Amino acid sequence: MASINQDGSLHSGRLIHQLALYDEKCVSLLQKAYEKAKEQEDLAERQRQIEYGDNTVPVLPSTTPQNEDGSESSDDEDFPPHGSSDASDDESTDSESSSVRSDPRGGTSQLATVTEAGEEEPLDTTERVPPLADAFTVTKLSTTNRKKKQPSSKQQKRQAQLVKQHLSNITRTRLPLPPQEALIDLIKGTDVREEYQLCTPSSLLSGTHMKTATLAAQANSLVTLSQKLCDKRGYVVVLLLQSGRFAGGVFERGNCLIHRALQHYTVRKGQGKAQSSQDQKRRPKSVGSQLRRSGEQALKEDVRETLHDWKGFIADAGVVFVSCPKTTRATLFGTNEEIATISATGSNVFLLSKDDPRIRKVPFDVGRPTFENVKVVHEVLMDVEIRTIPSKGVMVERMQEPGQIQDDVSAPTNVVEVKAKDKVETQLAIDLPLTQIHDACRDGNLTCLLDLLKTIEEGSSDINQPAGYDCMTPLHFAASSTEKVDPVTAAACVSALLIQAHANPCIVDARGRPPYFLASHDKVREAFRKSRAVLGEDFCDWDGDAKVGPPLTDEDLNARKEKEAEKKRRKKARLKEKKAKENAQAQEMEERRKAEEEAKQQAEEAKRVRDGLAPKPSGANVCDYCQKICKGKKRNQMFQRLDYKYCSSDCVNNHKRELMAAAAMARFAS
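Residue numbers (our numbering): 415 to 1084.
To be clear, the hints were calculated from the coordinates, so they are not data collected in a lab.
All values derive from a computational prediction rather than experimental measurement.
Where a beta carbon is used, it is the ideal one built from N, C-alpha and C, also for glycine.
One or more hints might be untrue.
For lysine-lysine, the following DSSO-like pairs were computed, each having C-alpha atoms within a straight-line distance of at most 27 Å [stated by the list, open to error]:
id: 1; residue 1: Lys699; residue 2: Lys1045
id: 2; residue 1: Lys981; residue 2: Lys937
id: 3; residue 1: Lys937; residue 2: Lys961
id: 4; residue 1: Lys775; residue 2: Lys578
id: 5; residue 1: Lys725; residue 2: Lys687
id: 6; residue 1: Lys985; residue 2: Lys937
id: 7; residue 1: Lys714; residue 2: Lys683
id: 8; residue 1: Lys975; residue 2: Lys937
id: 9; residue 1: Lys977; residue 2: Lys687
id: 10; residue 1: Lys981; residue 2: Lys687
id: 11; residue 1: Lys578; residue 2: Lys568
id: 12; residue 1: Lys993; residue 2: Lys982
id: 13; residue 1: Lys683; residue 2: Lys982
id: 14; residue 1: Lys439; residue 2: Lys775
id: 15; residue 1: Lys1014; residue 2: Lys1070
id: 16; residue 1: Lys981; residue 2: Lys699
id: 17; residue 1: Lys699; residue 2: Lys740
id: 18; residue 1: Lys1047; residue 2: Lys1014
id: 19; residue 1: Lys961; residue 2: Lys975
id: 20; residue 1: Lys1048; residue 2: Lys699
id: 21; residue 1: Lys981; residue 2: Lys995
id: 22; residue 1: Lys961; residue 2: Lys578
id: 23; residue 1: Lys687; residue 2: Lys937
id: 24; residue 1: Lys937; residue 2: Lys683
id: 25; residue 1: Lys985; residue 2: Lys995
id: 26; residue 1: Lys993; residue 2: Lys1014
Okay, the calculated beta carbon distance ranges per label pair [as the list claims (entries may be wrong)]:
id: 27; residue 1: Asn1050; residue 2: Glu1012; range: 15 to 23 Å
id: 28; residue 1: Pro847; residue 2: Lys898; range: 18 to 26 Å
id: 29; residue 1: Lys868; residue 2: Ala947; range: 19 to 27 Å
Turn these sequences into a full structure, and let the hints steer you where they fit.
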């Protein structure tokens, strides 16, 4: 396994040289590191066989068929050894390369120059490879003639600060390098007794190589990746997706070939969660929620369309760096069934596969997804450092015998000693056991935690001891325990660790996250801000390293409560006013209805007088013909003809004949 730095001790060594992973010098250095690691592993294996005996399984005789000349035939004869290059392959590659590269957005990018004779000369891509420090000033290849806007000096300074900050925080894999004589072209004027190591970002390794592979296997994997990125079509794809924003870019040997940035309204201001996560609990029907849903759908379609446009780049990429939360992974990734369905139907959609071995997670917080942060991610994760670290065996000798230096510092016994210590440090760095404080913070056992804190001296390193695979401190466990622990209890644990034990909130875990980033509940975040107000601004770098929000005092809490109470009172007053207004409108409508009914009744009475009928008695259930009161019946349950109500069908017919006779007499009289 690789020895992974978690406590910053790796950066205490002197920086000798800094180069990029896509540099040809890096390939040769990685090959030397692979040979050195293989040599150390073979030496350790021989030492183990000497101590414990050879208990390996005997190898059976080879059954490989022989050729006519008696030599063994192999299927691997046509393939060169690892790290070598074949001249015929290079010639075929040059002959097959075209002068025009198709751009995934529908155009073409000119990659060749045309001579006066009409012949095309290929463009020398090695001349446009910039150094690592100038990665931000690279102009991207575009399908248009639009002049690219150069970043301002302020933006360049900000980007340089971000790169420096992330370079000092990321976890690195230490690969051994041969002595100084083999690196004389890069390392000059150093102490011969110093040990040289090649420090590469650990995120370049896949999950399998990170957990179970040996140091030589990890070096071999990095050699393969570096060789891939040194090729003409060795692309590096960076995809950032967060909070309704997407930014991505495709890089080739430090040059940005194409990039895109998108933004849609998907998160309510001050809420901090996606609309889809809110819809899982309840589905509000406000206008804002509808806009956020449509924004999520539009962002999903635009991102998938971008992936489809970059399908050629992604297929040839050597590594793909992705940074996105769990709630939006479905936008970038798809299951095997979905990918098979899309391929069969020929849809205008492209999704990444979760099983793709080229996928790597960005091991630090990128902030807002922008093109500038895409370039920061690319520069940080392509950075390879050569550092000098004194050999552990030599350090022990110097401590035991000051002033005496052995001539042979690379003896097998010293190498085995260094290897054994490296194994111990690797196990401690990768999977440290949990202490009682870690268990109490993880389980939310506040009583046990307070008892343990009483036994710990102030300033002790136990309170900041990393543990677990992610190398999380007790403060990390307490901040992330709200999934299984009550938020109030988790907040109390955080307050106890900060105020009583003075835990360091600036320590990051193996993924570069401070404890405040793991706080997913308002109560826990308030505990951090309250502790900041109690401990003061001089306790640590709250804004820079700890990334904690502004301090929160009791006066601020009281003001917030008063503000919320005033808000509730105003809301209650608005509801009361609205209800009174609705009641007034209902009463007005009722009065208007009664007035209309009264006017209609008066018109009916006037008509009866004109027809020579008896006045209609007052009452709702009175028959208009016989004037009988229909007990037990409402007016809408009586017989009806025209505007009259009757108690029976006989009254209906009799009144009909009476009205017809009265109308006939009126016509004859006129």
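Now the hints, each set against the structure:
1. The hinted pair formed by Lys699 and Lys1045 fails the criterion: a straight-line CA distance of about 50 Å is larger than 27 Å.
2. The hinted pair formed by Lys981 and Lys937 meets the criterion: a straight-line CA distance of about 21 Å does not exceed 27 Å.
3. About 17 Å separates the Cα atoms of Lys937 and Lys961, which keeps this hinted pair within 27 Å; it holds.
4. Among the hinted pairs, Lys775 with Lys578 is consistent with the structure: their alpha-carbon atoms are about 19 Å apart, no more than 27 Å.
5. The hinted pair formed by Lys725 and Lys687 fails the criterion: a straight-line CA distance of about 30 Å is larger than 27 Å.
6. Between Lys985 and Lys937 the alpha-carbon distance is near 25 Å, which keeps this suggested pair within the 27 Å criterion.
7. Between Lys714 and Lys683 the alpha-carbon distance is near 20 Å, which keeps this suggested pair within the 27 Å criterion.
8. For the hint linking Lys975 to Lys937, the alpha-carbon distance of about 14 Å falls within 27 Å, and the restraint holds.
9. A distance of roughly 23 Å separates the Cα atoms of Lys977 and Lys687; the hinted pair therefore holds under the 27 Å criterion.
10. Restraint check for Lys981 and Lys687: the C-alpha separation of about 23 Å stays at or below 27 Å, so the hint holds.
11. Between Lys578 and Lys568 the CA atoms are separated by roughly 15 Å; this keeps the pair inside 27 Å, and the hint holds.
12. Under the criterion of a C-alpha separation no larger than 27 Å, the hint pairing Lys993 with Lys982 is consistent with the structure, at around 16 Å.
13. A distance of roughly 20 Å separates the Cα atoms of Lys683 and Lys982; the hinted pair therefore holds under the 27 Å criterion.
14. Restraint check for Lys439 and Lys775: satisfied, since their Cα atoms lie roughly 26 Å apart, inside the 27 Å limit.
15. Distance hint between Lys1014 and Lys1070 is fulfilled; the C-alpha atoms sit about 21 Å from each other, no more than 27 Å.
16. Of the supplied pair hints, the one linking Lys981 and Lys699 holds, its CA atoms being roughly 22 Å apart against a limit of 27 Å.
17. Restraint check for Lys699 and Lys740: satisfied, since their Cα atoms lie roughly 25 Å apart, inside the 27 Å limit.
18. Between the alpha carbons of Lys1047 and Lys1014 the distance comes to roughly 22 Å, so the proposed pair stays at or under 27 Å and holds.
19. Simply put, Lys961 and Lys975 have alpha-carbon atoms about 25 Å apart, close enough for the 27 Å limit, and the pair holds.
20. For the suggested pair Lys1048 and Lys699, the alpha carbons sit about 43 Å apart, so the restraint of at most 27 Å is broken.
21. At most 27 Å may separate the alpha-carbon atoms for a hinted pair to count; Lys981 and Lys995 meet this at roughly 21 Å.
22. Taking the CA atoms of Lys961 and Lys578, the gap is about 17 Å. The hint holds against a cut of 27 Å.
23. In summary, the hint linking Lys687 to Lys937 is supported, as the alpha carbons are separated by about 16 Å, within the 27 Å threshold.
24. Taking the CA atoms of Lys937 and Lys683, the gap is about 19 Å. The hint holds against a cut of 27 Å.
25. For the hint linking Lys985 to Lys995, the alpha-carbon distance of about 15 Å falls within 27 Å, and the restraint holds.
26. Restraint check for Lys993 and Lys1014: not satisfied, since their Cα atoms lie roughly 31 Å apart, outside the 27 Å limit.
27. A hinted range of 15 to 23 Å for the beta carbons of Asn1050 and Glu1012 is consistent with their spacing of about 18 Å.
28. The hint said 18 to 26 Å for the Cβ distance between Pro847 and Lys898, and at roughly 20 Å that hint holds.
29. In this structure the supplied range 19 to 27 Å holds for Lys868 paired with Ala947, their Cβ-Cβ distance being about 24 Å.
The earlier numbered hints that this structure contradicts are 1, 5, 20, 26.
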